[in-house]
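Asker: Protein chains in written order, with my numbering: chain V, 1 to 110; chain Z, 1 to 114.
It cannot be assumed that every hint is accurate.
[Claimed, not checked] Think about it this way: if two alpha-carbon atoms lie no more than 27 Å apart in a straight line, the pair counts; the simulated DSSO-like pairs of lysine-lysine are:
id, chain 1, residue 1, chain 2, residue 2
1, Z, K57, V, K26
2, V, K97, Z, K70
3, Z, K57, Z, K83
[To be verified] Simulated DEER-style distance windows between Cβ atoms:
id, chain 1, residue 1, chain 2, residue 2, range
4, Z, T20, V, R80, 34 to 44 Å
5, Z, N18, V, S39, 20 to 30 Å
6, Z, N26, V, S39, 25 to 35 Å
7, V, V44, Z, T112, 18 to 28 Å
8, V, T20, Z, D54, 20 to 30 Å
9, Z, T77, V, R54, 38 to 48 Å
10, V, D93, Z, A81, 21 to 31 Å
11, Z, Q56, V, S28, 16 to 26 Å
12, V, A78, Z, T79, 19 to 29 Å
Read the hints as simulated data drawn from the structure, not as lab findings.
For glycine and all other residues, C-beta sits at the position ideal for the given N, C-alpha and C.
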Amino acid sequence: SQQGEEDPQALSIQEGENATMNCSYKTSINNLQWYRQNSGRGLVHLILIRSNEREKHSGRLRVTLDTSKKSSSLLITASRAADTASYFCATDDSSYKLIFGSGTRLLVRP
Amino acid sequence: DGGITQSPKYLFRKEGQNVTLSCEQNLNHDAMYWYRQDPGQGLRLIYYSQIVNDFQKGDIAEGYSVSREKKESFPLTVTSAQKNPTAFYLCASSSDRAGANVLTFGAGSRLTVL
């Protein structure tokens, strides 16, 4: 079962621009996480936001969470070609299971 | 360096054969997971284990089996009962960061059925 769904499915931007990806989910959560996957590789954890938080920053990353709308957004500022990857949101409902969305494929053109 | 090692990276299988994918971690994590990823898709949970000698089915467990005899190891067997096994398989382990489950992933194993 897919809990989170990312939007858009694919995004192409110029280097230096900001990239915004959205995630919607269906049920109550304890926290929401964002992961990055380079082509053909494993996922890497980027940032976690808890259900009682509304915004969090980490370097060029900014994550927001709106539990009333069951949605989150990931903003990457001043994008670089090295940011080209797929980005996934994952939700944690207090079990040991993390449920991943279908991902946003980001292409940053040099 | 601590991490998760998956092997083999690439594996080819003939129809009707069972294959076992290895996953070893030296992070001292209690929980381990297997996910399947199809091209352009998200991750689907196959099995997970919270402690040694215990594991639970995920969303797509049919045709797969696992064991957890040691904390460090969580091998996945893709059996001949799995009708469409060609996929990218990802193993992960997790630590509890103040009540949050954060996953560390291996590099993946790509299985192709000939």
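Asker: So, for every hint listed, does it hold in this structure?
Answerer: Going down the list of hints, with the structure as the test:
Of the pairs offered as hints, the one joining Z:K57 and V:K26 holds, with about 21 Å between alpha carbons and a cut-off of 27 Å not exceeded. With a C-alpha separation of about 20 Å, the suggested pair V:K97 and Z:K70 falls inside the 27 Å cut-off, and the hint holds. Annotation: proposed proximity of Z:K57 to Z:K83 holds, straight-line Cα distance about 18 Å (limit 27 Å). A hinted range of 34 to 44 Å holds for the C-beta pair Z:T20 and V:R80, which are about 39 Å apart.
Remark: the range hint 20 to 30 Å for Z:N18 to V:S39 is upheld by a beta-carbon distance near 29 Å. At roughly 26 Å, the beta carbons of Z:N26 and V:S39 sit within the given window of 25 to 35 Å. In this structure the supplied range 18 to 28 Å holds for V:V44 paired with Z:T112, their Cβ-Cβ distance being about 25 Å. One distance hint, 20 to 30 Å for the beta-carbon pair V:T20 and Z:D54, is violated here, with the actual separation near 41 Å.
In this structure the supplied range 38 to 48 Å holds for Z:T77 paired with V:R54, their Cβ-Cβ distance being about 44 Å. Separated by about 29 Å at the C-beta atoms, V:D93 and Z:A81 satisfy the suggested range of 21 to 31 Å. At roughly 21 Å, the beta carbons of Z:Q56 and V:S28 sit within the given window of 16 to 26 Å. With their beta carbons about 48 Å apart, V:A78 and Z:T79 fall outside the hinted range of 19 to 29 Å.
Hint compliance for this structure: hints 8, 12 are not met, and every other hint is.
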